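K.L.:
Here is what each chain is made of, one letter per residue.
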Amino acid sequence: MLGYIARRILLAIPIAFGVSVVCFSLVYLAPGDPLQTILPSDATQEMVEQIKHAYGFDRPLPVQYLLWLVHVLTGDFGVSISTRRPVILEVTGALSNTFILTSFAIPLSFITGYAMGALAGCFPGRAVDRIVTGAAVVGVSLPNYWLGIVLVIIFAVELMALPATGMGPQGSSQFNVLHWSSARFLVLPVITLSMIPVGIIARTTRAAVSEVLNQDFVTTLRAKGLSEFAVIRHVLKNSAPQVLAVMGLQFGYLMGGSILIETVFTWPGSGFMLSKAIINRDIPVLQGTILFLAMIFVATNLVVDLLQSMIDPRIRRS
Amino acid sequence: MTSSISRTAFVLAMALGSAAPLAARAESVLTVAMTAGDIPATTGNPDQGFEGFRFVGYNLYDGLALWDLSSSDKPSDIKPGLATSWEVDPNNHKRWIYHLRQGVKWHDGCPFTADDVIWNFGRITDDKAPQFYTQQMAFSRAYTTNFSSVEKIDDSTVAITTKVVESLFPYQLSYILMVSRCRAEALHYDWNAYAEHPSGTGPFRADRLVAHERFELLPNKEYWDPKRIAKYDRLVLLPMPEAATRTAALLTGQVNFVEAPSPDAIPRLRSAGMQIITNTYPHNWPYILNFVRGPMADIRVRRAANYALNRGEFVELLGGTAIEDYATMPPTSPWYGHPIKYEFNQAKAKELLKEAGCLPCKITLAISTSGSGQMQPLPMNELVKSQLEEVGFQVEFKVMDWNSLIEIGRSGVVKYPEIDGYNGSRALLDPVSALIKPVGKLYWSPGGANWGHFYDPEIEDLVGQIFNEFDTDKRLTMLIKLHELESDRAQMIWVVHDLNPRALSPKLHGFVQAQNWFQDLTPITVDP
Numbered sequence: 002m003l004g005y006i007a008r009r010i011l012l013a014i015p016i017a018f019g020v021s022v023v024c025f026s027l028v029y030l031a032p033g034d035p036l037q038t039i040l041p042s043d044a045t046q047e048m049v050e051q052i053k054h055a056y057g058f059d060r061p062l063p064v065q066y067l068l069w070l071v072h073v074l075t076g077d078f079g080v081s082i083s084t085r086r087p088v089i090l091e092v093t094g095a096l097s098n099t100f101i102l103t104s105f106a107i108p109l110s111f112i113t114g115y116a117m118g119a120l121a122g123c124f125p126g127r128a129v130d131r132i133v134t135g136a137a138v139v140g141v142s143l144p145n146y147w148l149g150i151v152l153v154i155i156f157a158v159e160l161m162a163l164p165a166t167g168m169g170p171q172g173s174s175q176f177n178v179l180h181w182s183s184a185r186f187l188v189l190p191v192i193t194l195s196m197i198p199v200g201i202i203a204r205t206t207r208a209a210v211s212e213v214l215n216q217d218f219v220t221t222l223r224a225k226g227l228s229e230f231a232v233i234r235h236v237l238k239n240s241a242p243q244v245l246a247v248m249g250l251q252f253g254y255l256m257g258g259s260i261l262i263e264t265v266f267t268w269p270g271s272g273f274m275l276s277k278a279i280i281n282r283d284i285p286v287l288q289g290t291i292l293f294l295a296m297i298f299v300a301t302n303l304v305v306d307l308l309q310s311m312i313d314p315r316i317r318r319s
Numbered sequence: 004m005t006s007s008i009s010r011t012a013f014v015l016a017m018a019l020g021s022a023a024p025l026a027a028r029a030e031s032v033l034t035v036a037m038t039a040g041d042i043p044a045t046t047g048n049p050d051q052g053f054e055g056f057r058f059v060g061y062n063l064y065d066g067l068a069l070w071d072l073s074s075s076d077k078p079s080d081i082k083p084g085l086a087t088s089w090e091v092d093p094n095n096h097k098r099w100i101y102h103l104r105q106g107v108k109w110h111d112g113c114p115f116t117a118d119d120v121i122w123n124f125g126r127i128t129d130d131k132a133p134q135f136y137t138q139q140m141a142f143s144r145a146y147t148t149n150f151s152s153v154e155k156i157d158d159s160t161v162a163i164t165t166k167v168v169e170s171l172f173p174y175q176l177s178y179i180l181m182v183s184r185c186r187a188e189a190l191h192y193d194w195n196a197y198a199e200h201p202s203g204t205g206p207f208r209a210d211r212l213v214a215h216e217r218f219e220l221l222p223n224k225e226y227w228d229p230k231r232i233a234k235y236d237r238l239v240l241l242p243m244p245e246a247a248t249r250t251a252a253l254l255t256g257q258v259n260f261v262e263a264p265s266p267d268a269i270p271r272l273r274s275a276g277m278q279i280i281t282n283t284y285p286h287n288w289p290y291i292l293n294f295v296r297g298p299m300a301d302i303r304v305r306r307a308a309n310y311a312l313n314r315g316e317f318v319e320l321l322g323g324t325a326i327e328d329y330a331t332m333p334p335t336s337p338w339y340g341h342p343i344k345y346e347f348n349q350a351k352a353k354e355l356l357k358e359a360g361c362l363p364c365k366i367t368l369a370i371s372t373s374g375s376g377q378m379q380p381l382p383m384n385e386l387v388k389s390q391l392e393e394v395g396f397q398v399e400f401k402v403m404d405w406n407s408l409i410e411i412g413r414s415g416v417v418k419y420p421e422i423d424g425y426n427g428s429r430a431l432l433d434p435v436s437a438l439i440k441p442v443g444k445l446y447w448s449p450g451g452a453n454w455g456h457f458y459d460p461e462i463e464d465l466v467g468q469i470f471n472e473f474d475t476d477k478r479l480t481m482l483i484k485l486h487e488l489e490s491d492r493a494q495m496i497w498v499v500h501d502l503n504p505r506a507l508s509p510k511l512h513g514f515v516q517a518q519n520w521f522q523d524l525t526p527i528t529v530d531p
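Residue numbers (my numbering), protein chains in the order written: chain A, 2 to 319; chain B, 4 to 531.
Treat the hints with care, since some could be wrong.
Partner residues are not named here, just some residues of chain B that face chain A (Cβ under 8 angstroms, in silico) [claimed, not checked]:
| hint | residue |
| --- | --- |
| 1 | 38 |
| 2 | 132 |
| 3 | 133 |
| 4 | 134 |
| 5 | 144 |
| 6 | 156 |
| 7 | 159 |
| 8 | 210 |
| 9 | 246 |
| 10 | 254 |
Calculated from the structure, these hints are not laboratory results. In this text the structure is predicted, and so the values were computed from the model without any measurement. Even for Gly, the Cβ is constructed at its ideal location relative to N, Cα and C.
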């Protein structure tokens, strides 16, 4: 097992390097200029050159990449073009706000989705299956930004029960999840954010459970006289690797923050920051955030792989 | 001893008694939802366009000149700010003498001096100076193009020399904001620290900044203009780029002042008792054209496009938050004069296209999906396309994001000769930006706002005369003539002037929406 873990970690290094190359070059492929937002629209060529030089954008791209990589390896992600604040502070600050959201959205969506999917999978074709499948399709299909706006209209504007936007009256610096005055700001974005993962996990779990239920070993278990509860326990365990893989992807997706949801709720997380960085072509922030998020995905996949191999030794052997 | 205790008890009782009414009174707060995606820079000249100036720049800081924002029924002009007056040196028209206001203090308590002015110009123009700050050089560069040097004449006077004679130069100084040398030196020129603890001379001082989320300011009770000392307790600025979110925040009472609600939300806001405030605004939504090649180089085609538009339909589309635009300036502008009114006339448009031999008249226009001041770009552009095509144009759109459109705007017609025009909203605050830059040869792109390389000898000559005319009345006559000539040449395709709606809670009173991109938040009162 230790050898497998070491091999998987070693494999993650070239992936991380590849990700750094892709995320560095991708932002340059997009049209537009990182200095557009700080230069006046009628900037002279001389002015453009002067500012490019001041910000280090006058060097060849490979040189810029190598310099960036060297700095990143020492923990220096550069400074934001817009704010001149260190990117590491910008990214970690935003990620911590997103983490608050996801730390509620993940258990909510995973538990709800898994429970719904398992229930539907155990009773394929029955009314409960049709209800769960229908609800999952709705969850997956509803545009979440639209759902967010509708929830705001109902619960904030009409019922005045919950706040519409932000992280509380003092902002994230004094956000305390243990106090209802802060926690109430979480309710609508967490529900909105959970909707798609609930649908996806429910559908995946339902498919995995019903597939395992049809396998021969289940018939054997029943023939051996095992109680239905014990049979379902085996079925759930055998369907777990497939569900875990999807949960891993959803974990990465949730950790990345949702651009649309964080914008609708003005939640100062990584998604909201990413959208501003894209609009402003704030390349250091864009590169830093994408790299951070990609690393989260790589780490999540690694953990999922290890968990899967712990549950199902066949994966380790293959 | 007993008497001492009694005295102490008496003082405590008095103190508590006097404090009680204070504690009982809720803090009055003006909370603004901005359209900006972030808190504008607080280190002097802000980013986030003129919204940054409106809410952060002009509240924290002053320039040597400011804008008179006290009236809603006449266009605003510049007025004395940190300088009480200025005049051009009669012996050298490149040299301007500025008389500085005395007795002004920075928020940190240091006095405002002539040395501070010199230091501030060094900060944005002299890359060898210790106070030089690249970001601020970039943010103010557009206004220092003609700046050459500054010198101290005495403690209350400075002289600023320009590179070329420009009678309208004082307008540029209204966009250069002065920051505290005292605070910068105390922070050892750590501009990130300065951003969190800014110090200016403006009507508000910084209290608390939560990066990207909120900026809280308190009234500057020592402000040099007593008429502009705010009566409420706190100003809170929140970036909220999504229009639906701003509307919801106002309806739920999380904010009480909202920028640019979307037109379809206005009836809902009105029904909830909100105040919808609009006014003529020096902001229009035109197409900036290619004069080098393609159909738009022909004046008949440009006129045809202007006659083809039924501008009333745009006003209807925008729920009445715009007015019809037939020339660069809105009719209330002092430079308006008597331009041609390109009223909707499809027959005339068809006739002009036929005369120009451009049928079907294929044109390519670059447009953005969103962007600062771009109003409702997609439905508005679709309406333009359908109206132009009714008279014989064949319109192809190149649709892009705002940043890419800015790139096209900056690079100019030489790099993008295949584009016949682009849709870019314009700020029409001062005569140079509004009328001169789009037509002067000096401003040909790249490096200038004359994107399509417009050139007309008569206009070029007039621009030269304007820059050399220091008599205000004579210059005004020339600016009117310039506006009329630009209209005659159909120098743009004009569509609408934005009325820039704002929505305010019924608890706010006293807001005067000036005919300006900048607004004064100090006269507002907030009901408990």
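K.L.:
All the hints need checking, so say for each whether the structure fits it.
P.N.:
Hint-by-hint comparison with the structure:
no.	hint	in the structure
1	38	violated (12 angstroms)
2	132	violated (14 angstroms)
3	133	violated (16 angstroms)
4	134	violated (15 angstroms)
5	144	holds (5 angstroms)
6	156	violated (29 angstroms)
7	159	violated (32 angstroms)
8	210	violated (12 angstroms)
9	246	violated (11 angstroms)
10	254	holds (5 angstroms)
Hints 1, 2, 3, 4, 6, 7, 8 and 9, counting from the list given before, are not met by this structure.
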